[in-house]
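Student: Place chain X on chain V using the hints.
Number of protein chains: 2
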Amino acid sequence: MYSKLAESYKNTTYKLDGHGARDMKVLKNAFDSVDSNTRADAYGKGAVINDFEAKMAHMLGKEKAVFFPSGTMAQQIALRMWCDEEEIHQVAYHPLCHLELYEEDGLKVLHPIESVLLGEKDRVLTLKDLMALDTDISTLVIELPQRGIGGQCPTWDELNAILDYCKKKVIKTHLDGARLWEVSPYYDKSLSDICAGFDSVYVSFYKGLGGIAGAILAGPDAFMEKSKVWKRRYGGDLISLYPYIVSAAYYLDQRLDKMPLYYEQAKVLAGYYNRMKSVYTVPEIPVSNMFHVYFHKDAEQVVHAIVQVMDKYNVGITPYIIENKDQDCMFEMAVGDAYQDIPKETLEACLLELDTILST
Amino acid sequence: MYSKLAESYKNTTYKLDGHGARDMKVLKNAFDSVDSNTRADAYGKGAVINDFEAKMAHMLGKEKAVFFPSGTMAQQIALRMWCDEEEIHQVAYHPLCHLELYEEDGLKVLHPIESVLLGEKDRVLTLKDLMALDTDISTLVIELPQRGIGGQCPTWDELNAILDYCKKKVIKTHLDGARLWEVSPYYDKSLSDICAGFDSVYVSFYKGLGGIAGAILAGPDAFMEKSKVWKRRYGGDLISLYPYIVSAAYYLDQRLDKMPLYYEQAKVLAGYYNRMKSVYTVPEIPVSNMFHVYFHKDAEQVVHAIVQVMDKYNVGITPYIIENKDQDCMFEMAVGDAYQDIPKETLEACLLELDTILST
Chain V
1 MYSKLAESYK
11 NTTYKLDGHG
21 ARDMKVLKNA
31 FDSVDSNTRA
41 DAYGKGAVIN
51 DFEAKMAHML
61 GKEKAVFFPS
71 GTMAQQIALR
81 MWCDEEEIHQ
91 VAYHPLCHLE
101 LYEEDGLKVL
111 HPIESVLLGE
121 KDRVLTLKDL
131 MALDTDISTL
141 VIELPQRGIG
151 GQCPTWDELN
161 AILDYCKKKV
171 IKTHLDGARL
181 WEVSPYYDKS
191 LSDICAGFDS
201 VYVSFYKGLG
211 GIAGAILAGP
221 DAFMEKSKVW
231 KRRYGGDLIS
241 LYPYIVSAAY
251 YLDQRLDKMP
261 LYYEQAKVLA
271 GYYNRMKSVY
281 TVPEIPVSNM
291 FHVYFHKDAE
301 QVVHAIVQVM
311 DKYNVGITPY
321 IIENKDQDCM
331 FEMAVGDAYQ
341 DIPKETLEAC
351 LLELDTILST
Chain X
1 MYSKLAESYK
11 NTTYKLDGHG
21 ARDMKVLKNA
31 FDSVDSNTRA
41 DAYGKGAVIN
51 DFEAKMAHML
61 GKEKAVFFPS
71 GTMAQQIALR
81 MWCDEEEIHQ
91 VAYHPLCHLE
101 LYEEDGLKVL
111 HPIESVLLGE
121 KDRVLTLKDL
131 MALDTDISTL
141 VIELPQRGIG
151 GQCPTWDELN
161 AILDYCKKKV
171 IKTHLDGARL
181 WEVSPYYDKS
191 LSDICAGFDS
201 VYVSFYKGLG
211 GIAGAILAGP
221 DAFMEKSKVW
231 KRRYGGDLIS
241 LYPYIVSAAY
251 YLDQRLDKMP
261 LYYEQAKVLA
271 GYYNRMKSVY
281 TVPEIPVSNM
291 FHVYFHKDAE
301 QVVHAIVQVM
311 DKYNVGITPY
321 IIENKDQDCM
331 FEMAVGDAYQ
341 DIPKETLEAC
351 LLELDTILST
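Chains as they are written, first to last, in the working numbering: chain V, 1 to 360; chain X, 1 to 360.
Bound-form chain V, shown alone (with noise of 0.2 angstroms):
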């Protein structure tokens, strides 16, 4: 049933989703316009990578920027900087938090941090969760937007005093910023003003901007010429990292200006969504270019009404459902720019289709 389902979603011309298939042109698009005579970093050293560093610091508005080969890493090593500076090695965060889900515990394994779950899973994290700790912390992750609850974040007030909190507690704040291109047109701020309020902050290139991979992880001056230490220790100090940074730069450049439209879009579509009968999504109203889908049918029933109306419209809804509580199921969203080459009207006749069929 679901490798029917990816298949019919893989052969469909248009994609709700994303950025296009992840290939090899994704590279070979970055490259066309790069001189073949661009000298290589060598181990953390040379214009491609120091350039592109000085550029992230400037725009997240700290004093020093790092690229690193994942997020994984990069958070991981923060967090143990934060720790041996406060001499506490407990940090809080989000039930959802990638570092307690999608990282096989490796900042617990390779260091001695103890993490504690803040708020609820179905709901962002807020103030009242954190007065209500009970125990030490060195450091608070806030990620912005919260991934595992659709893209939902704090409100402005509400953000800005968690970090006041925090700072009256001596406690630092890190940002995880996987996404937080795609959160800064809801905000109405620039990612300096999203970040102002945090010690250190890690943006990612290939969700939102659709880069290959790699990561930023950016703070005060000492702290991330530590965090580079602590790279080579990790080896992710790569004796060349520019397959990953020449992407990044070039999908910043052309992306980060849309993200206001994907907003936009990701707004309309959760709208067609929200007026299905059976369908619903988190949170309603998307505060990026993110939101959940949910049905209130069973599983099965959806796979067979997307996949009907997947091959008849040509366009690719979602190659995956994962099933939830009894008789849930769901999938996530992201728009990107192949949200663009849809038509509207095929677009319109094709969850209109859905609907019906999933009201019989």
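Since the hints were made in silico from the structure, they are not lab data.
Some clues are possibly wrong.
No distinction is drawn between identical chains; accordingly, a pair holds when it is met within one copy or between any pair of copies.
To be verified - Here are the simulated lysine-lysine pairs, DSSO-like style, with alpha carbons at most 27 angstroms apart:
{"no.": "1", "residue 1": "Lys128", "residue 2": "Lys344"}
{"no.": "2", "residue 1": "Lys228", "residue 2": "Lys64"}
{"no.": "3", "residue 1": "Lys28", "residue 2": "Lys55"}
{"no.": "4", "residue 1": "Lys55", "residue 2": "Lys297"}
{"no.": "5", "residue 1": "Lys45", "residue 2": "Lys28"}
{"no.": "6", "residue 1": "Lys45", "residue 2": "Lys4"}
{"no.": "7", "residue 1": "Lys25", "residue 2": "Lys267"}
{"no.": "8", "residue 1": "Lys189", "residue 2": "Lys10"}
{"no.": "9", "residue 1": "Lys267", "residue 2": "Lys121"}
{"no.": "10", "residue 1": "Lys45", "residue 2": "Lys10"}
{"no.": "11", "residue 1": "Lys267", "residue 2": "Lys108"}
{"no.": "12", "residue 1": "Lys45", "residue 2": "Lys226"}
Tutor: Showing chain X alone in chain V's frame:
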């Protein structure tokens, strides 16, 4: 003085070492023949990574191989897994081992592992060193060739005596094969023959092969499956590693068969140096494409002489000199594609004049 040396080297048309400049045509050449529609790997899955891993497992004669961003990451992980399996958190290696010198103590900081330095800094480790060891170790690391001493190797018989002894004593053996391709012609053995006695092996793609970065760790099936968990823990399980994999595969195809040529030419070049009055190489007769060049002169005099002949003959001898003990200095040499381009008479005249200048 040293910047003048680097500058002079950079300006030469011919280079004695390497495969030419580390610039972005290294990537562009590798990708020129790749179909744009080739799917990217995704978190360790997909034909581009899995096919290459299978090819490498076969070439190295191991059950399974896993592609890593770096050897630093791969080797720390291999040693941690062997230590856990043997329940002995101590490993032994040569004093000039990469793990000891260039990894900011990652092995000891990220893991509960101690190192035992075996043998002496200026020679390969021997069976006798190992037999004199008076503490328990889970694993012995052997680097073939031993880079820190000009790429020396134990004889085939000594190597096998060491491996047999380890088997008897239930000590795991790990091969640091950062330059393994380079030493296969000397042993006159296939890669899988050399690897056969080792429990695990790491190989690199950017040294003798001249790729961009990346490493393979190979070993038993269950061991390698477990290594993927650690790879994720380290933040090395990037969404896509294909920029390194495609280039690794490309330069493997281009250069693996040239290793005997590089080896023969290294012996010829070392011969030139050893005929010079105040110069000698380590080893005297190379056993791979590499060797170290030592001068019984102070560095200033050597740099001055080298710059003089590099400028005159347009041949890059070395971009750097390291001061060794009193009145001695050295540089490392590794023969690659660049050597092929130098007119033999130019090279001979250049080194003859260097000898003359150094002798006055």
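Student: Now, for every hint given, state plainly whether the structure supports it.
Tutor: Consistency of the hints with the structure:
no.	hint	verdict
1	Lys128 / Lys344	neither (43 angstroms within a copy, 77 angstroms between copies)
2	Lys228 / Lys64	within (11 angstroms within a copy, 32 angstroms between copies)
3	Lys28 / Lys55	both (23 angstroms within a copy, 25 angstroms between copies)
4	Lys55 / Lys297	neither (48 angstroms within a copy, 45 angstroms between copies)
5	Lys45 / Lys28	both (24 angstroms within a copy, 21 angstroms between copies)
6	Lys45 / Lys4	between (47 angstroms within a copy, 19 angstroms between copies)
7	Lys25 / Lys267	neither (30 angstroms within a copy, 43 angstroms between copies)
8	Lys189 / Lys10	neither (37 angstroms within a copy, 46 angstroms between copies)
9	Lys267 / Lys121	within (23 angstroms within a copy, 65 angstroms between copies)
10	Lys45 / Lys10	between (41 angstroms within a copy, 17 angstroms between copies)
11	Lys267 / Lys108	neither (38 angstroms within a copy, 50 angstroms between copies)
12	Lys45 / Lys226	within (15 angstroms within a copy, 33 angstroms between copies)
Checked against the numbered hints given earlier, this structure breaks hints 1, 4, 7, 8 and 11; the rest are met.
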